[in-house]
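Trainee: Residue numbers (the numbering used here), protein chains in the order written: chain A, 1 to 443; chain B, 1 to 311; chain C, 1 to 275.
Among the hints, a few may not be true.
Unchecked claim - With a straight-line cut-off of 30 Å between C-alpha atoms, the simulated DSSO-like cross-links for lysine-lysine are: (1) K174(A) with K287(A); (2) K341(A) with K71(A); (3) K364(A) with K94(B); (4) K425(A) with K33(C); (5) K140(C) with K200(A); (6) K134(A) with K199(C); (7) K94(B) with K71(A); (8) K153(A) with K33(C); (9) K33(C) with K130(A); (10) K140(C) with K196(A); (11) K140(C) with K287(A); (12) K94(B) with K63(A); (13) K425(A) with K320(A); (14) K140(C) with K250(A); (15) K320(A) with K288(A); (16) K146(A) with K33(C); (17) K33(C) with K97(A); (18) K130(A) with K320(A); (19) K250(A) with K196(A); (20) K33(C) with K348(A); (21) K63(A) with K97(A); (22) K242(A) with K33(C); (23) K140(C) with K195(A); (24) K443(A) with K33(C); (25) K398(A) with K33(C); (26) K264(A) with K140(C); (27) K250(A) with K264(A).
I should point out that these hints are in silico values taken from the structure, not numbers from a laboratory.
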Amino acid sequence: MSREARRSKTIDRDSRRIFLKTALAAGGTLLSTRLMPAVAQGKTTISYISYELTSAAAGPELKRQIAEFEKANPSIGVEATPTPLAQYTAKVATMAKAGEMPDVATADVLWLRGWINEGYLKDLSPYADKAGGKQYLGQFYDTLVKLASDGNKVYAIPAFAGGYLIYYNTDMYKEAGLDPAKPPTNWDEMLAYAKKLTKKDASGNTVQWGWGIHGQNIPADVSRFMQWMYSNGAEPLSADGKTALLDQPKAIETLKFWSELYTKHGVVPPGAVQAGPGEVRSMFAQKKIAMLVGIIWGLDQVFAENPSVRPVTAIAPFPKQVPNAPSLFQAVYNVMSASSKHPEEAWKLLEYFGRPESGLGLYKATRYGPVRPATFERPEVKGDAYAQVLAKVNQQLKPPPIHPQWERISKVIGDAMQRALTNAKTPEAAFTEANAQVNQILK
Amino acid sequence: MSQTSHEPRATSTAQSQGRVPSDTWRPVRVRRRAPDEPTRLVRAGQLLGLAALTIFCLFPFAWIIATSLKDLSETFLIPPTWVPRHFTLDNFVKIWTIQAFGRYFFNSLIVSGCTTLLSIVLASLAGYGFSRFRLPGGHAMMVAVLAAQMFPGIVLLIPYFTMASRLQMLNTYPVLVVAYTSFSLPFCVWMMKGFFDGIPTELDEAAVIDGCSALGAFTRVVLPLSLPGLVATAIFSFLVAWNEYLFAVVLATRESMYVVTVGIASNIGQFRIQWNELMAGAVLATIPTIVLYALLERHLVRGLSAGAVKG
Amino acid sequence: MAFVAPSFLVLGTVVAFPVCNTLWLSVMESRGKAGVVFVGLANYTRLLHDPEFWAAFQNSTTFTIGSVLGHLVLGLLTALLLNQRIPFRPLFRIISLVPWMFAAVVVAMTWRWMLDAQLGIINAALASLGLRGPFLWFEKARLALPAIVVTNIWRGFPFASITLLAALQAIPKEQYEAAAVDGASPLMQFRFVTLPNLKFALIIVATLDTIWNFKHFDLIQVMTNGGPAGATEVLTTLAYKASFENFEFGYAAAMGVVMSLILLATTVVYVRRIL
Chain A
1 MSREARRSKT IDRDSRRIFL KTALAAGGTL LSTRLMPAVA QGKTTISYIS
51 YELTSAAAGP ELKRQIAEFE KANPSIGVEA TPTPLAQYTA KVATMAKAGE
101 MPDVATADVL WLRGWINEGY LKDLSPYADK AGGKQYLGQF YDTLVKLASD
151 GNKVYAIPAF AGGYLIYYNT DMYKEAGLDP AKPPTNWDEM LAYAKKLTKK
201 DASGNTVQWG WGIHGQNIPA DVSRFMQWMY SNGAEPLSAD GKTALLDQPK
251 AIETLKFWSE LYTKHGVVPP GAVQAGPGEV RSMFAQKKIA MLVGIIWGLD
301 QVFAENPSVR PVTAIAPFPK QVPNAPSLFQ AVYNVMSASS KHPEEAWKLL
351 EYFGRPESGL GLYKATRYGP VRPATFERPE VKGDAYAQVL AKVNQQLKPP
401 PIHPQWERIS KVIGDAMQRA LTNAKTPEAA FTEANAQVNQ ILK
Chain B
1 MSQTSHEPRA TSTAQSQGRV PSDTWRPVRV RRRAPDEPTR LVRAGQLLGL
51 AALTIFCLFP FAWIIATSLK DLSETFLIPP TWVPRHFTLD NFVKIWTIQA
101 FGRYFFNSLI VSGCTTLLSI VLASLAGYGF SRFRLPGGHA MMVAVLAAQM
151 FPGIVLLIPY FTMASRLQML NTYPVLVVAY TSFSLPFCVW MMKGFFDGIP
201 TELDEAAVID GCSALGAFTR VVLPLSLPGL VATAIFSFLV AWNEYLFAVV
251 LATRESMYVV TVGIASNIGQ FRIQWNELMA GAVLATIPTI VLYALLERHL
301 VRGLSAGAVK G
Chain C
1 MAFVAPSFLV LGTVVAFPVC NTLWLSVMES RGKAGVVFVG LANYTRLLHD
51 PEFWAAFQNS TTFTIGSVLG HLVLGLLTAL LLNQRIPFRP LFRIISLVPW
101 MFAAVVVAMT WRWMLDAQLG IINAALASLG LRGPFLWFEK ARLALPAIVV
151 TNIWRGFPFA SITLLAALQA IPKEQYEAAA VDGASPLMQF RFVTLPNLKF
201 ALIIVATLDT IWNFKHFDLI QVMTNGGPAG ATEVLTTLAY KASFENFEFG
251 YAAAMGVVMS LILLATTVVY VRRIL
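In isolation and in its complexed conformation, chain A is listed as follows:
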């Protein structure tokens, strides 16, 4: 209808036609509801949204799992809506506030606390109890379950997770005289290696750098910086979440070492402040940097961008500056809406996504890290060198700080990171100021 309307844009002189057009415009909009697709009748339909459904790698695998689920549960229909990540949290918050949140949704670990506090999520412990209680939840990594819990209540089932580790280029190691089987195990080695791996060409321009820094003020980059803090035994917040610890020596030391890689030692390519995970991975793929900190499922993007880098890419645990330093991790969960009208059916879907087979399928399709230690023992995964490194890393996981205002605190830390990188403030000053700001937030 609209195409015809556009073609007849030559303005009619007859006033009756003006009335007709007004009526057409209004009526057409209402009548166009006829053109909309009908909703499936007969089954119980639950709605599921996820930004992972838009991913070229994870989307098809998730859709396959949903199809299998529907076959196994003929009375349940799943309406899966791929939702873009941009404004995803705004969309969920809006829907939740209007009581229209979809039954099942994907949530990043960083949003969980806020959503739990705002009451968007349903307590899953009654369902988990029926499924085996502690035994059911015990199959997942402890930290993952703890992060989704509030006392005895559990609000999310882990979907995939993985600790931070480093990628490094074995060819560049060999060229620099380093042993590719011996990645750095502490910060001094890291700096020494990075310096060796930074090369200049004949005219003095640097063509290869040792390390890639993530300096954007986004959660993913701040998380990578948190990994540095954890590896130094530093914490951003006290255990009770009431005081900021950014002005402690170990925290400042971390910011200093990290930013000086860029400002002082020159082992990081220019533009660190605008480098996010994608940019840094691209630089690794284009063989501009030798090492970076990342998650295991970034490997496939690197290989897709430059297949020739695949045979020379190795991964290793993040260097520990203090003994037994843990790894931070990224994790994604599936949650149920508090206002869900079909909680039983929604739980079935959550349970299905939480099966070992589902996790394995996801790993095989996308390299998204498994959420249970048992998966690493399976034959399909045991022979995978990358997976075994991840298994080792996952043995010592530590969550990001659990605090409802974490997103806000993370922004303050991100600001401080950027100030240190741009030399707008010294690391001491940046973190001292940030500390004061965070204490304000914690009040």
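Put chains B and C on the given structure of chain A with help from the hints.
Mentor: This is chains B and C only, laid out in the frame that chain A set:
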């Protein structure tokens, strides 16, 4: 247009002014420069301006097109390439088959088309009303039209969604059309009022004397003279609707109601950005606007008001 | 009156409830699951004392003024150029419309990539011209705001150019002819015929452009998300963070109200010149 000949212009002017007797008239093939034909200097300036305009407008577009025709392994090469070494149409195929781009396109066309139509009709009516009649509250009402625009979208989002949800209007075309029309109306109303102000009221009065109603005078006489304004209004409303993202992504909770902008943005993931598909979608999304503009361009010409009123 | 009613009906339906809701929310504070609590003008006083708010206000203003000026100047020049008799005029008019055809998200992603320090074509082009780089557009606070302003100018100037072009078309030829007969040079014609006739269009473009750029969100959020270190944080991104990252819906609503009042004041100042 041919260049001026090299004969001194003074000759022809002098002749045409009658200062030189016509019996000394020589057939000189002199081409008088038409009044609005530019001089060489002006022409050079124009070409320079056009070149600058073209480069400025098109270089990002060229980059977008180039990326949409590459595959991932070539996308991030340092230094970057403008012409793909391995030309591929895969990305366009992917968004059409793996994503439901066809459906998104259809939805966008309907919503944008209806918004454009509704905006033109309402804005021209309202603009005429403001232009010709004295309304109670007068100027305050005109400012009130603009005031609707002043709240930022993110702040209005939740209440609008809640309202739509209570009225069972989520996932319908009208909810989007009405929202977008409200975004574009303020500008369109003012735009049309400005155009109508420039058309003398004598024309309306003449029409009324000839037996037209107020509405008739409007449609038969005034509206045709303001075609350029209508064209600008149409393009504006279409683009407002076509490119809107925030409201589109939040007000549609089913994939079958997604529009093109949402489809394009779906390529921005948490862990990776599918650049090639993103750019392919962006390229396809420009086509309807180009078509619309091509159809309307001929109306964006000098108005017929010249010579319409003679005393 | 009947002419105007339908428009007000549409505008009213969409805007009335949300605006009332926002006003109501701005005097409340949200307490998560516990709902909302009446706090009077506390949100507003908090705003006035919040250094982040003032920094964002300054950025918003700079962004808006830069964008509007850029749009008007570029738009006017383009409109004047495209109003003349040039070869392949329809083609050039479409070309001039190209930047406006893309969604803000696409423009933001593209320009962010083009301005990337390592992977961007702009730095590559500048390097090939021999300029010592690389230019860190998003690293230096001094460069980041201009970078997004330039991007926004690129994206939005076709609006000004097409509106002004339509307005130029409506200027009666006789006025130019009369001026030419009186001996006016092209520059004088521009000053005494073109500009006065364009006054209405210029003011309306300026007003609406100011409103839109002041409350623009998508482009800035995707390009810099307020970074580096808040150098490009504007009021809308701040309000977004308040709502959807901090869940402080009342505070965000108060910000929205203040923004609207600012825009209302600005609009009244502009519009009095043409009413």
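Trainee: Could you run down the list of hints and mark each one as holding or not?
Mentor: Results of checking the hints against the structure:
For the given pair, K174(A) sits about 14 Å from K287(A) by alpha-carbon distance, which is consistent with the 30 Å threshold. For the proposed pair K341(A) and K71(A), the alpha carbon gap of about 22 Å is at most 30 Å, so the pair holds. Restraint check for K364(A) and K94(B): the C-alpha separation of about 22 Å stays at or below 30 Å, so the hint holds. At most 30 Å may separate the alpha-carbon atoms for a hinted pair to count; K425(A) and K33(C) exceed this at roughly 39 Å.
Note on K140(C) and K200(A): the hinted pairing holds, with a Cα-Cα distance of about 25 Å set against a maximum of 30 Å. For the hint pairing K134(A) with K199(C), the CA-to-CA distance comes to about 74 Å; that exceeds 30 Å, so the pair is violated. A C-alpha spacing of about 27 Å is found between K94(B) and K71(A), which places the hinted pair at or below 30 Å, so the restraint holds. Straight-line distance between C-alpha atoms of K153(A) and K33(C) comes to about 16 Å, which keeps the hinted pair within the 30 Å bound.
At most 30 Å may separate the alpha-carbon atoms for a hinted pair to count; K33(C) and K130(A) meet this at roughly 27 Å. Distance check on the hinted pair: K140(C) and K196(A) sit about 28 Å apart at the alpha-carbon level, within 30 Å; holds. Simply put, K140(C) and K287(A) have alpha-carbon atoms about 26 Å apart, close enough for the 30 Å limit, and the pair holds. Restraint check for K94(B) and K63(A): the C-alpha separation of about 17 Å stays at or below 30 Å, so the hint holds.
Among the hinted pairs, K425(A) with K320(A) is consistent with the structure: their alpha-carbon atoms are about 27 Å apart, no more than 30 Å. A C-alpha spacing of about 28 Å is found between K140(C) and K250(A), which places the hinted pair at or below 30 Å, so the restraint holds. Restraint check for K320(A) and K288(A): the C-alpha separation of about 25 Å stays at or below 30 Å, so the hint holds. Taking the CA atoms of K146(A) and K33(C), the gap is about 21 Å. The hint holds against a cut of 30 Å.
A C-alpha spacing of about 11 Å is found between K33(C) and K97(A), which places the hinted pair at or below 30 Å, so the restraint holds. Among the hinted pairs, K130(A) with K320(A) is inconsistent with the structure: their alpha-carbon atoms are about 41 Å apart, more than 30 Å. Taking the CA atoms of K250(A) and K196(A), the gap is near 26 Å; set against the 30 Å cutoff, the hint holds. A C-alpha spacing of about 26 Å is found between K33(C) and K348(A), which places the hinted pair at or below 30 Å, so the restraint holds.
Between K63(A) and K97(A) the alpha-carbon distance is near 28 Å, which keeps this suggested pair within the 30 Å criterion. Distance restraint check for K242(A) and K33(C): the Cα-Cα separation of roughly 21 Å lies within the 30 Å cut-off, and the hinted pair is therefore satisfied. Distance hint between K140(C) and K195(A) is fulfilled; the C-alpha atoms sit about 25 Å from each other, no more than 30 Å. Annotation: proposed proximity of K443(A) to K33(C) holds, straight-line Cα distance about 19 Å (limit 30 Å).
The straight-line distance between the Cα atoms of K398(A) and K33(C) is roughly 28 Å, inside the 30 Å bound, and the hint therefore holds. Of the pairs offered as hints, the one joining K264(A) and K140(C) holds, with about 17 Å between alpha carbons and a cut-off of 30 Å not exceeded. Under the criterion of a C-alpha separation no larger than 30 Å, the hint pairing K250(A) with K264(A) is consistent with the structure, at around 19 Å.
Going down the numbered hints, you'll see the structure goes against 4, 6 and 18, while the others check out.
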